[in-house]
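*Asks:* Hey, can you piece these two chains together into the complex? The hints should help.
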Amino acid sequence: EPEVTQTPSHQVTQMGQEVILRCVPISNHLYFYWYRQILGQKVEFLVSFYNNEISEKSEIFDDQFSVERPDGSNFTLKIRSTKLEDSAMYFCASSEPNEQFFGPGTRLTVL
Amino acid sequence: GESVGLHLPTLSVQEGDNSIINCAYSNSASDYFIWYKQESGKGPQFIIDIRSNMDKRQGQRVTVLLNKTVKHLSLQIAATQPGDSAVYFCAENIMDTGRRALTFGSGTRLQVQP
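Order-wise, the sequence lines are chains A and B. Counting in the numbering used here, the first sequence runs from 84 upward without gaps. Counting in the numbering used here, the second sequence runs from 14 upward without gaps.
With the rest of the complex left out, here is chain B (with noise of 0.2 angstroms):
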């Protein structure tokens, strides 16, 4: 499950830090926004998603917010952890119109310094 495009934007943090990670979604129609994890050599991990009829959502160290003014979508991880060094995807859906098939971004590569 490697993304290692030469050309992924990285955010460089300090441990102990908050992250914040930024996605600008392309679909004004999209209802359904998902953050995933990938580490190198592993498939996409889900954590975290949102509807569109909210503009917060709170998890374990991580908090999603919604702008559908503007269309941007961030992932606010609390703390940072070496475990938390990944690229990050944001991915959108339509769901109301009973698709299910997810919109990726390009990505961003976190990396946490010790």
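One chain only, chain A, in its complex shape (with noise of 0.2 angstroms):
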């Protein structure tokens, strides 16, 4: 069965540094997204994507965020100079259009 997978599981950083969390679609898929999950809260959207440009973002998808499909497989998040408060589970999801399914989340530690 086709899945989101995501690299890296855990990566941990120190604060200011840049980090990219990366991810493969299911490659059918037309939409992409990235939510992430601070430990003991819900899961929170950050932006989506469609045809090569973003779609939709939150609040919290400042300009120390950004995003990219650099090829046909894979769909990055990249964050410019991390701060504590970053330290999350990163997901990135993906939909044909409507279904949303899961990658398994890049744990990010930003000390």
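One or more of the hints may lead you astray.
[To be verified] Calculated cross-link-like contacts (lysine-lysine; reagent style DSSO-like; alpha-carbon spacing at most 30 angstroms):
id, chain 1, residue 1, chain 2, residue 2
1, B, K81, A, K125
2, B, K69, B, K81
3, A, K161, A, K125
4, A, K125, A, K140
5, A, K125, B, K69
6, A, K140, B, K84
7, B, K69, B, K55
8, B, K69, B, K84
9, B, K55, A, K125
10, B, K55, A, K166
11, A, K161, A, K140
12, A, K140, A, K166
13, B, K84, B, K55
14, A, K166, A, K125
15, A, K140, B, K55
16, A, K161, B, K55
17, A, K125, B, K84
18, A, K161, B, K69
In case anyone wonders, no lab produced these hints; they're calculated from the structure.
*Replies:* What follows is the structure, given as structure tokens:
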């Protein structure tokens, strides 16, 4: 069964450093998303991406964040200068358009 | 994918019993609802969805009920199994506007006792 994959599973970084989280969405899906889940809190929407551009973003998705689909398979989330409060699980999802399927997540720890 | 919030409501059931997990959603304009299951260390897993033009939808061992009048959604799991133990989230969206951002609820932990 096709699934969304994410790498790395755990990323530790120093405050102020840049990180890139990587995702391979399900191959025939057209919409791509990033969500995050701070420990003990709800899953929160960050951004959606369609037709090579951002279609929607939340207030969390400020100028420190960017997304890219550098090739036909990968979808990345970059955080330019990480802050302590960026520590969370980051989930990538994709949809065909409706049912969103989530990856296993990347745990980002900012020290 | 941990959702180990100290304040998650918990439903504890015996194996073989039926489980009912409830969710109150926030936006009366929402027209698409989904239930996700999240096991420890994993991402949310799609269970079942329902559009606002329906009030009930059935899947394999699961049923979702939607009451738009009181903005309430429930997930019924028949013959609950130990593998059903997880945190369950409802999520909502307003698809008619073309939006795709899901708004998640805070989750309910289901514990199945063997």
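*Asks:* Against this structure, judge whether each hint is valid.
*Replies:* Going through the hints against the structure:
Straight-line distance between C-alpha atoms of B/K81 and A/K125 comes to about 23 angstroms, which keeps the hinted pair within the 30 angstroms bound. Taking the CA atoms of B/K69 and B/K81, the gap is near 11 angstroms; set against the 30 angstroms cutoff, the hint holds. A threshold of 30 angstroms between alpha carbons decides the hint, and for A/K161 with A/K125 the separation of about 21 angstroms falls inside it, so the pair holds. A hinted pair counts as satisfied when its Cα atoms are at most 30 angstroms apart, and A/K125 with A/K140 qualifies at roughly 17 angstroms.
With a C-alpha separation of about 25 angstroms, the suggested pair A/K125 and B/K69 falls inside the 30 angstroms cut-off, and the hint holds. Only pairs whose Cα atoms come within 30 angstroms are accepted, and A/K140 paired with B/K84 is accepted, the gap being roughly 25 angstroms. A distance of roughly 28 angstroms separates the Cα atoms of B/K69 and B/K55; the hinted pair therefore holds under the 30 angstroms criterion. Simply put, B/K69 and B/K84 have alpha-carbon atoms about 14 angstroms apart, close enough for the 30 angstroms limit, and the pair holds.
A threshold of 30 angstroms between alpha carbons decides the hint, and for B/K55 with A/K125 the separation of about 14 angstroms falls inside it, so the pair holds. For the suggested pair B/K55 and A/K166, the alpha carbons sit about 24 angstroms apart, so the restraint of at most 30 angstroms is met. At most 30 angstroms may separate the alpha-carbon atoms for a hinted pair to count; A/K161 and A/K140 meet this at roughly 14 angstroms. As the CA atoms of A/K140 and A/K166 are separated by approximately 19 angstroms, the hinted pair is consistent with the 30 angstroms bound.
At roughly 29 angstroms between alpha-carbon atoms, B/K84 and B/K55 fall within 30 angstroms of each other, so this suggested pair holds. At roughly 19 angstroms between alpha-carbon atoms, A/K166 and A/K125 fall within 30 angstroms of each other, so this suggested pair holds. A distance of roughly 24 angstroms separates the Cα atoms of A/K140 and B/K55; the hinted pair therefore holds under the 30 angstroms criterion. Our distance criterion of 30 angstroms between C-alpha atoms is met by A/K161 and B/K55, whose separation comes to about 22 angstroms.
In summary, the hint linking A/K125 to B/K84 is supported, as the alpha carbons are separated by about 19 angstroms, within the 30 angstroms threshold. With a CA separation close to 40 angstroms, the supplied pair A/K161 and B/K69 exceeds the 30 angstroms bound.
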